[in-house]
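Q: Below, each chain spelled out in residue letters.
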Amino acid sequence: MNKTTTFHPLARLLHWTMAAMIVAMLFIGAGMVATVSQKHTWLLTIHKPLGIAILLLAIARLALRLRHRPPPLPADLPLWQRLAALASHWLLYGLMLALPLIGWAMLCAGGYPVLLAGTLRLPPIAPENALLFAWLRETHHYLAWLLFLTFVAHLSAGLYHGLIRRDGVLAAMWPRRPRAPVPTTDG
Amino acid sequence: MHDIRLSLDRAARWTLLGGLALTTVAAFGYVGGWLAPRRLTPQRLVDTLQHNGGLHPGYRRNHAKGVCVAGWFEGNGVASPYSTAAVFARGRTPVVGRFAIPGGNPYAPDGGVPIRSMALRFNGMDGEQWRTGMNAMPVFPVSTPQAFYQQALAGRPEPATGKPDPARLAAFFAAHPETAAFRAWAKQARPSASYATERYNSINAFYLVDGNGTRHAVRWAMLPLAHDAAPGPAGDHDYLARDLQQRLAQGPQRWTLRITFAAPGDAVDDAAQAWPANRRSIDAGVLVIDRTQPQGSGPCRDINYDPTVLPGGIEPSADPLLAARSAAYADSFLRRTAEQAHLPGTAPAATGTAR
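Note that the protein sequences, when read in sequence, are chains L and D.
Those letters in the first sequence? Residues 1 to 187, per my numbering, in order.
Those letters in the second sequence? Residues 188 to 542, per my numbering, in order.
Read the hints as simulated data drawn from the structure, not as lab findings.
Hints may contain errors.
[As the list claims (entries may be wrong)] Coverage of chain L stretches by chain D, computed from C-beta distances (three or more under 8 Å per stretch; other residues unrestricted): (1) 8 to 18; (2) 113 to 127; (3) 136 to 149; (4) 153 to 162.
[What the hints assert, rightly or not] Which chain D residues stay away from chain L? Per the calculated CB distances, all over 12 Å, these: (5) P289; (6) A295; (7) R343; (8) G349; (9) P351; (10) R377; (11) D415; (12) A416; (13) G422; (14) D423; (15) A515.
[Unchecked claim] Using C-beta positions, here's what the derived DEER-type ranges look like: (16) S156/L to A373/D: 50 to 60 Å; (17) D397/D to S156/L: 17 to 27 Å; (18) A213/D to L86/L: 27 to 37 Å; (19) Q375/D to L120/L: 42 to 52 Å; (20) P281/D to A117/L: 20 to 30 Å; (21) P281/D to V152/L: 42 to 52 Å; (22) Y142/L to G205/D: 18 to 28 Å; (23) G118/L to G278/D: 16 to 26 Å.
Here the structure is a predicted model, which is why all the values come from computation and not from measurement.
For each residue, glycine too, the CB sits at the ideal point set by N, CA and C.
Chain L with its partners taken away, still in its complex shape:
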């Protein structure tokens, strides 16, 4: 039973690392298209390599998630909250994989070279086509909004578990090491 009360340590590390990256990414994305200042240029320079880093980590995280089952939710949690948790977690996985891929494809469709750093360039994954660009660009925009709203819901739900219900759900993902069971330290 001890085994299943917390997430795998690597899962927790990935969760908090990616939380910082994804939240930064959402703000960078929203900010870079909302200014004509130099921030536009340097935020755009960060946006692309950060997006690819999130994509790679999301793949690693998905593999870990499929290998290690997360700890079960409290038995007394209402069904709708269980379903919401399940749906929002898979939605988060889907979005953190889809958004970087759509962003990458969108740049290819727009005819842009996809520069990660200096002259390090990613290969095209979509044909150069303005109509495809427009669809992908707007999809990127609305899915980013969906990711932001899902993140706010996820943050609120985490706080609800940690502050209101105090049911151990937030603790299961908390970055500190779980305390060793009391009996084994007795002695």
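Dock chain D against chain L, hints included.
A: Relative to chain L, chain D alone:
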């Protein structure tokens, strides 16, 4: 087990939860510009250009009237000691370009403004690109995107006359002395009869970066080899595209790429200030344009000539107009491609017409 040991009552804990969520949303709203109504966003800038030129779905929001061209650049290796960019080495680089006139109206008369523009995309063999948007004028009127926005606001047409209010324009120029160099040029400039006889200037400065990583501040220009410049014919609104077709029927049109180096103290980050005429320059090769297509069906239609798309060996300067051009062009590109794609919420683009 308790997650967070806080001696707060339940109401305070709900308030903390709600407060954190709301703060996150408000911060996002601020960064995204929705809660920052005074910030100059690309959308506000392009909205103003669109208002001035009228809404023409599928067209660029500025320099809306133009033609596609294609050809190549023949590098001569002279610029290679100053930049590692492959385009400067000896040899050919294919080019997709566009000539245009300023303004958001694709039906504007060619003789309405004395400025013509040349945009180029050099397609490097290795997938690298160099995009540049140049103008046939020596300097930009203003130094900052904010001043450009003010100029666009001052230049909005009056509903009664369809022309800007002269008093409002005069007030803008009086409040912006940095426009003096541009105004002195504009006073004697006449709309030319041809795209082919114009000298096109990068206006903004950039850095060439050599093999040692040393940066050289430069501006560049395309100097025409055709010297029969003449004022445009009166009473004809659409002579530029026809003139270009006629010239290309005779043979390719050529320009020399001249790169001018800044001297210490020259204004690298201010496009409103010219550099003295005696600055050292080199000729890096020849641009050859050998064909033209209508912009509605030509390959330039779907290219965003963002001047910050650069190959290794060329870097943008800190000129604030460069970032603003990149941000605003991206917004204009999204608007017109979304209209072409008939995305929900966009005005229907006229299809198959000259664009």
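Q: Could you run down the list of hints and mark each one as holding or not?
A: Evaluation of the provided hints:
| no. | hint | in the structure |
| --- | --- | --- |
| 1 | 8 to 18 | violated (count 0) |
| 2 | 113 to 127 | holds (count 4) |
| 3 | 136 to 149 | holds (count 3) |
| 4 | 153 to 162 | holds (count 6) |
| 5 | P289 | holds (18 Å) |
| 6 | A295 | holds (23 Å) |
| 7 | R343 | holds (19 Å) |
| 8 | G349 | holds (28 Å) |
| 9 | P351 | holds (22 Å) |
| 10 | R377 | holds (32 Å) |
| 11 | D415 | holds (35 Å) |
| 12 | A416 | holds (33 Å) |
| 13 | G422 | holds (36 Å) |
| 14 | D423 | holds (32 Å) |
| 15 | A515 | violated (6 Å) |
| 16 | S156/L to A373/D: 50 to 60 Å | holds (57 Å) |
| 17 | D397/D to S156/L: 17 to 27 Å | violated (54 Å) |
| 18 | A213/D to L86/L: 27 to 37 Å | holds (29 Å) |
| 19 | Q375/D to L120/L: 42 to 52 Å | holds (48 Å) |
| 20 | P281/D to A117/L: 20 to 30 Å | holds (26 Å) |
| 21 | P281/D to V152/L: 42 to 52 Å | holds (48 Å) |
| 22 | Y142/L to G205/D: 18 to 28 Å | holds (26 Å) |
| 23 | G118/L to G278/D: 16 to 26 Å | holds (23 Å) |
Of the numbered hints stated above, those contradicted by the structure are hints 1, 15 and 17, listed in ascending order.
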